[in-house]
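*Asks:* Following the hints, position chain B against chain A.
Number of protein chains: 2
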Amino acid sequence: MESLYVIKIGGNIVDNPALLTACLQSFAKVKGQAILVHGGGKLATSMAESMGVEQTMVEGRRITDEATLKIVTMVYAGYINKNIVAQLQALGVAAMGLSGVDGNLILAHKRTNAAIDFGMVGDIDAVNTDLLNQLLSNNTRLIIAPITHDGKGQLLNTNADTIAQSLATALAAKYKVHLIYGFEKEGVLKDINDSNSLIAKMDKLLYKNMKEEKIIFEGMIPKIDNAFSAIEHGVQSVIIGKAERMDELIKGTAGTTITN
Amino acid sequence: MESLYVIKIGGNIVDNPALLTACLQSFAKVKGQAILVHGGGKLATSMAESMGVEQTMVEGRRITDEATLKIVTMVYAGYINKNIVAQLQALGVAAMGLSGVDGNLILAHKRTNAAIDFGMVGDIDAVNTDLLNQLLSNNTRLIIAPITHDGKGQLLNTNADTIAQSLATALAAKYKVHLIYGFEKEGVLKDINDSNSLIAKMDKLLYKNMKEEKIIFEGMIPKIDNAFSAIEHGVQSVIIGKAERMDELIKGTAGTTITN
Numbered sequence: 001m002e003s004l005y006v007i008k009i010g011g012n013i014v015d016n017p018a019l020l021t022a023c024l025q026s027f028a029k030v031k032g033q034a035i036l037v038h039g040g041g042k043l044a045t046s047m048a049e050s051m052g053v054e055q056t057m058v059e060g061r062r063i064t065d066e067a068t069l070k071i072v073t074m075v076y077a078g079y080i081n082k083n084i085v086a087q088l089q090a091l092g093v094a095a096m097g098l099s100g101v102d103g104n105l106i107l108a109h110k111r112t113n114a115a116i117d118f119g120m121v122g123d124i125d126a127v128n129t130d131l132l133n134q135l136l137s138n139n140t141r142l143i144i145a146p147i148t149h150d151g152k153g154q155l156l157n158t159n160a161d162t163i164a165q166s167l168a169t170a171l172a173a174k175y176k177v178h179l180i181y182g183f184e185k186e187g188v189l190k191d192i193n194d195s196n197s198l199i200a201k202m203d204k205l206l207y208k209n210m211k212e213e214k215i216i217f218e219g220m221i222p223k224i225d226n227a228f229s230a231i232e233h234g235v236q237s238v239i240i241g242k243a244e245r246m247d248e249l250i251k252g253t254a255g256t257t258i259t260n
Numbered sequence: 001m002e003s004l005y006v007i008k009i010g011g012n013i014v015d016n017p018a019l020l021t022a023c024l025q026s027f028a029k030v031k032g033q034a035i036l037v038h039g040g041g042k043l044a045t046s047m048a049e050s051m052g053v054e055q056t057m058v059e060g061r062r063i064t065d066e067a068t069l070k071i072v073t074m075v076y077a078g079y080i081n082k083n084i085v086a087q088l089q090a091l092g093v094a095a096m097g098l099s100g101v102d103g104n105l106i107l108a109h110k111r112t113n114a115a116i117d118f119g120m121v122g123d124i125d126a127v128n129t130d131l132l133n134q135l136l137s138n139n140t141r142l143i144i145a146p147i148t149h150d151g152k153g154q155l156l157n158t159n160a161d162t163i164a165q166s167l168a169t170a171l172a173a174k175y176k177v178h179l180i181y182g183f184e185k186e187g188v189l190k191d192i193n194d195s196n197s198l199i200a201k202m203d204k205l206l207y208k209n210m211k212e213e214k215i216i217f218e219g220m221i222p223k224i225d226n227a228f229s230a231i232e233h234g235v236q237s238v239i240i241g242k243a244e245r246m247d248e249l250i251k252g253t254a255g256t257t258i259t260n
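Sequence order for the protein chains is A and B. The letter at position 77 of the first sequence is residue 77 when you use the working numbering, and the numbering goes up by one with no holes. The letter at position 130 of the second sequence is residue 130 when you use the working numbering, and the numbering goes up by one with no holes.
Isolated chain A (complex conformation) (with noise of 0.2 Å):
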């Protein structure tokens, strides 16, 4: 089976250039079929602010209404998506940028039911494997925008984790998939304060256990609910860690293994 890696990069990458380059020349070295799926940063609140209309956030998380979703879907899958494609196809990548409403992709539906109404924010029904598999075959290396759509012509925005969890599941029946989260960390802590506290493998039992010490809680929480996941979903390996580390962490040397 071929290996193939899929890599998601979050706000915090996408934000920095130097560290977003880097992120981009170790994606370039993979060696086997890659997608690259990036979340959206900073910029599109920035953008916001200029433009005059107003953030809701709510525990933390950005609420997507009508003119939000405007903004995200020109930031994510316009300019840093069209930004990451130019960047990779100067380092010789095959790179094509989408977003889940290309060739249908990754069709949503809106979140509703629940206690929080986060408005235009899409769950994932289906994955277009057949699609992936044809792009993938022509070696094109896919750089995947978070915006999906509900197949009616509404666009939604949809988180990046995932994005990158359904697409890593949905090819794991052709490919060895090797499922990467770059973020700001080390991976997953023992104590969130020590980045020398790293746990180099996590499994089921280990993970319940730290839930009930609280010492994993809020964001980490879906991040790693969607890496077990991919796991038992057949997702070969789904490694945590700080994006810095891509090299590493594409070779499977730092951040955190997650375990059945």
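Heads up, a few of these hints could be off.
[As the list claims (entries may be wrong)] A few chain A residues facing chain B, derived, Cβ under 7 Å:
#1 Glu54
#2 Gln87
#3 Val101
No lab work stands behind these hints: they were computed from the structure. Beta carbons: idealized from backbone N, C-alpha and C, even for Gly.
*Replies:* Only chain B this time, still in chain A's reference frame:
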């Protein structure tokens, strides 16, 4: 030879939701392969205004400075492109939105030595015909935003009429290509103030005479030059006409047909 329609719609269509929807419905009904190239419209200008980015116009054309390039990349390749694709997906069309940077589809260079420095504007050097053929052979319909790149990481704003002509020409060896320019007038008019003075067919001699008599001038000249260039490079037909009549333009029963 299979038919391929390359349809370009201008900014005035993109700015008019009802007209855009009608054009997309016509596009959805096309038999054979199809590519849609869209222009920009007023959204980029209003975005620039609301962000306090001053727009310099010279001879009715926008100067693309760095801040403007950022805005047009967001608006053209992000907002407009993804909304068109979402609408087409809702109509059951397997549409995929790309800019010229994606898959190195359209390689360009920054325009130099012009009497006016238009800024980050690209003139086309090469079209990735292999990628186009590959995507079309999977019955994907391509929606193209007028942003290209120079292969060194720089995005460039590029004339959508020229992109349409370049794509049509690149595919003329494999497809029977029909190039359609949808805009605000009935076609080429004998009297610009009389919409009943349509010239149904125009050859090179007539064009030459009409230019000399200043009946054709300004913005129409590059449009018609593009049309003749396409015909000379193997494109089957070029029709210029009113976007409201897209169904008829596709049938060849409206607008001005350019012939050799």
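*Asks:* All the hints need checking, so say for each whether the structure fits it.
*Replies:* A quick look at each hint next to the structure:
1. At a threshold of 7 Å, the smallest CB-CB gap from Glu54 of chain A to chain B is about 14 Å, leaving the interface hint violated.
2. Given hint, Gln87 of chain A at the interface with chain B, holds; its Cβ is 5 Å from that chain's nearest Cβ, closer than 7 Å.
3. For Val101 of chain A, the interface hint holds, the least distance from its beta-carbon to any beta-carbon of chain B being 5 Å, beneath 7 Å.
Comparing the model with each numbered hint stated earlier shows that hint 1 is the single one that does not hold.
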